[in-house]
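Engineer: Spelled out, the chains give:
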Amino acid sequence: MKVTVCIGSSCHIKGSRSVVEQLQYLISDNNVGDKVELGGTFCMGNCQKGVCVNVDDEFYSVTPDTVKEFFETGIMAKL
Amino acid sequence: MNNLCADIGYKSIYHYGEELCGDHVDIVEQDENSTVVVLADGLGSGVKASILSTLTSKIISTMMAAGLSIEECVSTIASTLPVCSVRGVAYSTFTIIHIKNNDTADIIQYDNPHVILIRNNENYVYPEMEMNIDGKRIYKSTIKLCENDIFIAMSDGCPHAGIGIGYNFGWKREEIIEFMEALSNCGYTSKTLSTILVDECNKLYGGEPGDDATACIIKIRKREPMNILFGPPSNRNDCNRMMSLFFSKEGKHIICGGTTSSIAAKFLRRPLRPSLNFESSDIPPIAELEGVDLVTEGVITVNRVLEYARDYLDKNECYEKWNFKRDGAALICRLLFEEATDINFFVGRAINPAHQNPDLPINFSIKMNLVEELSACLKKMGKRIKVSYF
Numbered sequence: 146m147k148v149t150v151c152i153g154s155s156c157h158i159k160g161s162r163s164v165v166e167q168l169q170y171l172i173s174d175n176n177v178g179d180k181v182e183l184g185g186t187f188c189m190g191n192c193q194k195g196v197c198v199n200v201d202d203e204f205y206s207v208t209p210d211t212v213k214e215f216f217e218t219g220i221m222a223k224l
Numbered sequence: 122m123n124n125l126c127a128d129i130g131y132k133s134i135y136h137y138g139e140e141l142c143g144d145h146v147d148i149v150e151q152d153e154n155s156t157v158v159v160l161a162d163g164l165g166s167g168v169k170a171s172i173l174s175t176l177t178s179k180i181i182s183t184m185m186a187a188g189l190s191i192e193e194c195v196s197t198i199a200s201t202l203p204v205c206s207v208r209g210v211a212y213s214t215f216t217i218i219h220i221k222n223n224d225t226a227d228i229i230q231y232d233n234p235h236v237i238l239i240r241n242n243e244n245y246v247y248p249e250m251e252m253n254i255d256g257k258r259i260y261k262s263t264i265k266l267c268e269n270d271i272f273i274a275m276s277d278g279c280p281h282a283g284i285g286i287g288y289n290f291g292w293k294r295e296e297i298i299e300f301m302e303a304l305s306n307c308g309y310t311s312k313t314l315s316t317i318l319v320d321e322c323n324k325l326y327g328g329e330p331g332d333d334a335t336a337c338i339i340k341i342r343k344r345e346p347m348n349i350l351f352g353p354p355s356n357r358n359d360c361n362r363m364m365s366l367f368f369s370k371e372g373k374h375i376i377c378g379g380t381t382s383s384i385a386a387k388f389l390r391r392p393l394r395p396s397l398n399f400e401s402s403d404i405p406p407i408a409e410l411e412g413v414d415l416v417t418e419g420v421i422t423v424n425r426v427l428e429y430a431r432d433y434l435d436k437n438e439c440y441e442k443w444n445f446k447r448d449g450a451a452l453i454c455r456l457l458f459e460e461a462t463d464i465n466f467f468v469g470r471a472i473n474p475a476h477q478n479p480d481l482p483i484n485f486s487i488k489m490n491l492v493e494e495l496s497a498c499l500k501k502m503g504k505r506i507k508v509s510y511f
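Protein chains in written order, with my numbering: chain A, 146 to 224; chain B, 122 to 511.
One or more of the hints may lead you astray.
[As the list claims (entries may be wrong)] Examples of chain A residues toward chain B, derived with CB under 7 Å:
#, residue
1, Ile152
2, Gly153
3, Ser154
4, His157
5, Arg162
6, Val165
7, Gly185
8, Thr186
9, Phe187
10, Cys188
Rather than coming from a laboratory, the hints here were simulated on the basis of the structure.
By construction, the Cβ of each residue, glycine as well, lies at the ideal position given by its N, Cα and C atoms.
Start from the sequences and build out the full structure, keeping to the hints where you can.
Structural biologist: Structure follows, in structure tokens:
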């Protein structure tokens, strides 16, 4: 599974750094590093909905406060 | 004409408790390849010293740049400087470094610590000719320039640093030479080198300098072109034209902006690989793209570069940040401030609709202002700048 987080200007301001760091922590904490590939991308053209995250080809709007919830439903539930 | 140019930078610290500096550096560009640099140290400190040194450096640099002889400069100063009512003398020491055609340097010295020349990372002892002008003993040297030559002119506040505190006789010339030799090969700019030298003096003075101390450094280096791409073109159909112009230029290539780098990646037919390494910094991560030397995010990164540039021209207190950090802004600073001498800006005027949101501090006019202000700062650093809009 490939998870891509936008690190463009707009999403950066909305907290993509915190999203990435929380995901990095959650992935290693749940020992799913071999199943989930975390990557970055520049602007996805969806800045209004930032922070933009793609799981394979599915789009998610995540904020630093909803990362945990997103991780459970968007990633763990689909592994 | 050769391929050399002079990078000139200086920094002063003031006598403890004074608000003015009694040392003054004046730089006059005679033409594209010739420059007169004068470092003057006025008698005493404070207002009087400041007036004396400002007058001296201004008069000499203007006259020398106009092609007048050193004899005429000295006699003009002797007859125009105001006489100190306490000491009954009009006095300001000076060092002149006259870079001619980026090929030779004339050094003329009167009573300042003699200029140190570091060539191939070692102290180079150059010949001096003693002259007597109006009873003043003046030393003159003519030196053929080599790449990586570093000329260090100082006021006596530098070798006097630490007298009575750390050292009995101050910071000895040999020790200053040793200190600077060690720094000569690190790629620092002249401004950074002079800052490091003067900061060291300040430390030796225990943070309370007993005299004004100034270092003015001239570094002889090769011209180095650099190209920076910022923003997509306002007309989509111009993408290819903009990219081919950008990539046809000699020198390193920097791309700022997410969308911009995606366009470049498409043009180069190479994958764009954003990194997720935040480098313990609040600047967004950089990316990798084969064929491009550096890819960064746009507005936030460039805004930080501008902040560093302003500080560099002013007090240069942040140089440690951009010299040692590895985030996008620091990497751009090292390329633009240290490596580049001739910078071509390729600026796209596309308006990113997603950024025209009142909640975001990154709208179109801010972007254009960034370019204008940054290019103005780089010009002040002595770089040649060309800006093209698309």
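Engineer: For each hint, tell me whether it holds in the structure or not.
Structural biologist: Hints, one by one, checked against the model:
| no. | hint | verdict |
| --- | --- | --- |
| 1 | Ile152 | 5 Å, holds |
| 2 | Gly153 | 4 Å, holds |
| 3 | Ser154 | 5 Å, holds |
| 4 | His157 | 4 Å, holds |
| 5 | Arg162 | 6 Å, holds |
| 6 | Val165 | 6 Å, holds |
| 7 | Gly185 | 4 Å, holds |
| 8 | Thr186 | 6 Å, holds |
| 9 | Phe187 | 3 Å, holds |
| 10 | Cys188 | 4 Å, holds |
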